[in-house]
Amino acid sequence: MYPRILIRKLKPNASIFHRSNSTAAQPLEQSKTNEEIKSAKSPLDHPDFFQVHNLFTVKDLFGARVHFGHKEGSLNELMAPYLYGSRQGHLIFDLDITAEHLRKALNFTAHIAYRGGIICFFNRNSLNAHTVEKTALECGEYAHTRFWKGGIFTNANHQFGAITRLPDLCIFLNTQNNILNQHTAVRDSAKMLIPTVGIVDTNCNPNLITYPVPGNDDTPAAIELYCNLFKSAIKRGKEARMKFLQENEENT
Amino acid sequence: MSNVIKLTIRQVIPVSKYSSCLFNSLNKHVREYSSKTVTNADDIFKQFTDWETLSKKKTVSKAMKAYLERARQHDEFMKKQEVEYNIGKRHLANMMGEDPETFTQKDVDRAIEYLFPSGIYDPAARPLMKPPEEVFPARKAAEFDEAGRPHHFLFYTGKPNFFKLLYDAAEHLQESYKFEDKVIRKKAVPDQNSKLELSSSMWVTKEELELILMEKVTDLEYENFKLVMERLVSLPYSYRCIEFIEKYRKPLASQKFALEIPKPKFDEEGRAYITTYECLRKKARGDVTIFSPGTGKVTINGRDITYFEDIQSREQVIFPLIFTGLANKVDVECNIEGGGPSGQAGAIRWGIAWGLRSFVERSMLESMQVAGLLTRDHRRRERKKPGQPGARKKPTWKRR
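So the protein lines, in turn, are chains A and B.
For the first sequence, counting from 1, position 19 maps to 9 in this note's numbering; every step adds exactly one.
For the second sequence, counting from 1, position 57 maps to 537 in this note's numbering; every step adds exactly one.
For reference, chain B alone in the conformation it holds in the complex (with noise of 0.2 angstroms):
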């Protein structure tokens, strides 16, 4: 048993050095290591290596050779890595009491978490066992052919990929300007209903472009991706290039309300109703139920509105009512308890707005959100500090 978890922490905790490897020969060939695709033009000079192929003697260059040398070892490592995989997988499942020919990397997760609970707050620290090929970064591959030559023509600029894009970016600009002027020439206006519309989609962050360009980009290169990219879009036959732009465009998230709102149910009298449980704010906590055909009774904790006896606690009790417009067509009932009067009406009017989703068309939905109606407040009291009479209050300053 011991064995068998000695394994499995082994493959839990990242290994972050190379181990030692055995030497074997260097003949494979590069392309066997390419986790990139090479995007250079199929050009026929790209056969050129240099002048030890002209004189026919076939050398290697430095560089390849301790590239091979690497990625050989690199490559051992990963295949060591995957039996050590599979073996702590079966073991897992042998644990867990299932078969390990159809344990999946989900059952894998579940006995982790099993396992080796762990209440670390942020879950990339907790412990976890992955496919090593997710563990492990993916490395580039040799960016240079047997005799030392790039593939990548920006190779110097250290940042092939990036600097690439940049100038995609500007050849497609320029083809757009040179599309433009034929237009004008043809004395054309551009097709309208052609335009772009990218107002449903954001820019990939900086964190998806490295990811997506496989290289670190400086903050003031992100700004510059940005400002060449929205040239690009702002000009009128920019959807001409829509491939292009569309790789580095991520949709916005859409609002998720309309997917979880609930349907009311209906009472003995016929009446549609729906309950919000657990509305809460600061220690005030109840729950609201609508009833749909009403004449505007608001009932709290069996008492009508009178219940608060400030104004302002009344008005927020009603301000969803009254902002829907629904004031005098549906009925309230609520019960609520704990906190004061404040954190009581701010309680039961979050309840009221959640609950009046269902009755509310879609395009009231979004003005609610807008006005912040379907926003909890999560703020809480705050303590009072040592050594001063309240939260933020300091005593009186004095000169001595």
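The following block holds chain A by itself, in its conformation from the complex (with noise of 0.2 angstroms):
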């Protein structure tokens, strides 16, 4: 039962070859952009406003071993896309795509944070919890790594006890529960509309993802990596909110 697409991909070993000199995810030239970013009026009219694409290069996704999938008997097809191939049983996956899709992830989640939007982090994994609740408590969001109480976001009121806002983006560090469920939230924030930035293995279902990121969701390192480009993104956003704030104070 191998995935079709991988078989196409691993037969041209020319285009093995051309993907490893593939320029099309290295960050783009600074002098250019800058000029346009002043000149946008709103950040929605520039592709890439708060520069995420700088953030990290597919170095750095390598070296935070973000490449690194499950096995092969545990894939979802619905991950075979996303994969470069596979070596000696384990998935890898190809870092190209996962870094277009990151910074497409980056890049909604520094919109977010400048609309004054409720980041809430998730992850399941007791290993990173940590590096989680760290990353939210920093960046000023809101994080939830521990067991996920049916009916926070479907019975929110009753749950709170009162009235309550609801995240305004869900952020999965992993989108698995165990490794046979998938985290109760990811479902709930589709049913509720909330859209969600998730870090989906090869053993992940990526369908009720809005914005899923292909890429090794279990490694300390990788997690961190995430961590660290999610609270940069959230940060870059929030200092463009607070200028824009500044700003119409002082016209005002």
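Hints were generated in silico from the structure; no laboratory data involved.
Computed from a predicted structure; not experimentally measured.
Treat the hints with care, as some may be off.
[Claimed, not checked] Taking lysine to any residue and the SDA-like style, the derived pairs with C-alpha atoms no more than 20 angstroms apart in a straight line are: (1) A:Lys124 with B:Glu655; (2) A:Lys124 with B:Phe724; (3) B:Lys542 with A:Phe150; (4) B:Lys639 with A:Ser116; (5) B:Lys864 with A:Lys139; (6) B:Lys639 with A:Phe150; (7) B:Lys542 with A:Ile153; (8) B:Lys696 with A:Ala211; (9) B:Lys644 with A:Met182; (10) B:Lys706 with A:Phe137; (11) A:Lys139 with B:Lys658; (12) B:Lys542 with A:Asn145; (13) A:Lys139 with B:Leu653; (14) B:Lys658 with A:Ala211; (15) B:Lys644 with A:Asn145; (16) B:Lys545 with A:Gly140; (17) B:Lys639 with A:Ala211; (18) B:Lys545 with A:Lys124; (19) B:Lys644 with A:Thr144; (20) A:Lys124 with B:Thr698; (21) B:Lys542 with A:Thr144; (22) B:Lys639 with A:Thr174; (23) A:Lys139 with B:Phe724; (24) B:Lys639 with A:Leu156; (25) B:Lys639 with A:Gln149; (26) B:Lys639 with A:Phe137; (27) B:Lys777 with B:Leu732; (28) A:Lys124 with B:Asn641; (29) B:Lys639 with A:Ser64; (30) B:Lys644 with A:Trp138; (31) B:Lys542 with A:Met182; (32) B:Lys696 with A:Thr174; (33) A:Lys139 with B:Gly638; (34) B:Lys658 with A:Leu117; (35) A:Lys225 with B:Lys658; (36) B:Lys639 with A:Ile153; (37) B:Lys696 with A:Lys124.
[As the list claims (entries may be wrong)] Coverage of chain A stretches by chain B, computed from C-beta distances (three or more under 8 angstroms per stretch; other residues unrestricted): (38) 125 to 132; (39) 147 to 154; (40) 196 to 209.
Positions of the beta carbon are idealized from the N, C-alpha and C atoms, including for glycine.
Mind assembling these two chains? They're in different frames, but the hints should get you there.
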């Protein structure tokens, strides 16, 4: 049951060679974009207003072991398009694709932060829970790394005993509750129309995630990298917001 | 007079539902109601609210509006209760014929006990009149700002304070590990003197933890709390976060007998003596007097140790003397009545041990405590049950 797409990708050696020299995901040149950003009136006018593309390079991802997936047998068919191939039975992500998705996700996160949205980090892996909570604390956002009591989103007013504002963005550092089940918050955020960013490993289902980022969701080094990236994206968004507020105050 | 009692009773019985309230302005600020301090890092980003503030139209979120309404109602309710309490207190003072101005809570408790005598076993169920702040549980302050953004970064877990505690513990653990690594790199060893001394205290109980955190904690979560704290304490450099650990420890109840030991009296011959009254065991009761310089003479109801015919009872009587090594150094006199030999022997045994506290060292006192000499035996005869020959004995089982 080898995924078709893998076979297609693995066949021509030339394409692998081509990919290793790819510059598609490399950072854009700064000088041009800065002028464009200044001219942009609304952050939405510019495709990368917060310059999130220069937060990381594909080499950083490789260094943080983002490319390691799970074993072949546990592959979720829907993750096949994001794979580069398999080595000794372990699936390897195509980091060019990952980088593209991650940049989209970071851009979205920065925009949400700019608009003062509530961002909530999720993670059910106890090894990385502390890193994730620390990240949330440092960037002034929220975290939920504990047992998910059903109904926190879907029955919030009852759960918290008052009308409660739900998060505007959920970031899943891993989307699985355990190796078998998906985190219930993924489903619940989809139900409540809360956009989600999720690191999806080869054994995860990306279907309900708004911004899936294919990548390793177990290794502490990788999680640390993701946390730092999301933190800096949020900080950029908030700084831009601060600047905007100050300018507005001066004008009025 | 009837009016007075009505007022008092209304205060005495806790009101569980909010009374109806009038509508007032919504413009009171959140912080007014905070009974809990919010411990978020003073972050510049906390100033942010949401998109509405960006466009200078400051609107209050739905969550905040609802909260403000509830807080206002609670506030009014408490004010009303406070007024009623003060009136009730004044009436009570008049009824007791005392000055209402100097009538304290202690006097109130006394007056209630006098005016509403109650034989209910559980003190918590008896009538009471306490200031409303004590009767009604403290409420959590608003957990979010005007824009609906929660103050606490773990708000969505539902138990932010508890999980913040676990987070802090993990943070201290990691710091401790890092420090240990640093010390090892410098080839130093941990300082033995600054090691944590925790034998005189214990972890707070689940109920106390709930009070500290203002949150309900499940048994499993309490176990997790204890586990992570034990782990923190077991590290060689845990003394560096002593303040954090001490917050969740409470002192063990110290042994009290040191304070209560009576001083011996002296008779006309100059001998120190001490009498223990009310030596009880089963149906036996009596008193035991111990004279300190003595020869080991034991007098029971005017007779010597042969008062008891069986060996076991005699052993019971002299056991505390032998245990403390004072068998030939004190005289014992006792009057005992009621019960049988074993009950009487047990009563004397306890009386001798209780009296000997005044004549022994502190270390011996502790070993007496451990040996169970100072413990009263409260067991009584169990009643016979109908349908069976004894308290527990059943008739012989026959198939038919």
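Each hint, compared with the structure:
no., hint, result
1, A:Lys124 with B:Glu655, "holds, 13 angstroms"
2, A:Lys124 with B:Phe724, "holds, 18 angstroms"
3, B:Lys542 with A:Phe150, "holds, 14 angstroms"
4, B:Lys639 with A:Ser116, "holds, 18 angstroms"
5, B:Lys864 with A:Lys139, "violated, 53 angstroms"
6, B:Lys639 with A:Phe150, "holds, 10 angstroms"
7, B:Lys542 with A:Ile153, "holds, 7 angstroms"
8, B:Lys696 with A:Ala211, "violated, 35 angstroms"
9, B:Lys644 with A:Met182, "violated, 27 angstroms"
10, B:Lys706 with A:Phe137, "holds, 18 angstroms"
11, A:Lys139 with B:Lys658, "violated, 34 angstroms"
12, B:Lys542 with A:Asn145, "holds, 16 angstroms"
13, A:Lys139 with B:Leu653, "violated, 27 angstroms"
14, B:Lys658 with A:Ala211, "holds, 17 angstroms"
15, B:Lys644 with A:Asn145, "violated, 23 angstroms"
16, B:Lys545 with A:Gly140, "violated, 26 angstroms"
17, B:Lys639 with A:Ala211, "violated, 29 angstroms"
18, B:Lys545 with A:Lys124, "violated, 31 angstroms"
19, B:Lys644 with A:Thr144, "violated, 24 angstroms"
20, A:Lys124 with B:Thr698, "violated, 24 angstroms"
21, B:Lys542 with A:Thr144, "holds, 17 angstroms"
22, B:Lys639 with A:Thr174, "holds, 18 angstroms"
23, A:Lys139 with B:Phe724, "violated, 29 angstroms"
24, B:Lys639 with A:Leu156, "holds, 16 angstroms"
25, B:Lys639 with A:Gln149, "holds, 11 angstroms"
26, B:Lys639 with A:Phe137, "holds, 11 angstroms"
27, B:Lys777 with B:Leu732, "violated, 41 angstroms"
28, A:Lys124 with B:Asn641, "holds, 15 angstroms"
29, B:Lys639 with A:Ser64, "violated, 35 angstroms"
30, B:Lys644 with A:Trp138, "holds, 16 angstroms"
31, B:Lys542 with A:Met182, "holds, 17 angstroms"
32, B:Lys696 with A:Thr174, "violated, 23 angstroms"
33, A:Lys139 with B:Gly638, "holds, 9 angstroms"
34, B:Lys658 with A:Leu117, "holds, 17 angstroms"
35, A:Lys225 with B:Lys658, "violated, 27 angstroms"
36, B:Lys639 with A:Ile153, "holds, 17 angstroms"
37, B:Lys696 with A:Lys124, "violated, 24 angstroms"
38, 125 to 132, "holds (count 6)"
39, 147 to 154, "holds (count 5)"
40, 196 to 209, "violated (count 0)"
Going down the numbered hints, you'll see the structure goes against 5, 8, 9, 11, 13, 15, 16, 17, 18, 19, 20, 23, 27, 29, 32, 35, 37 and 40, while the others check out.
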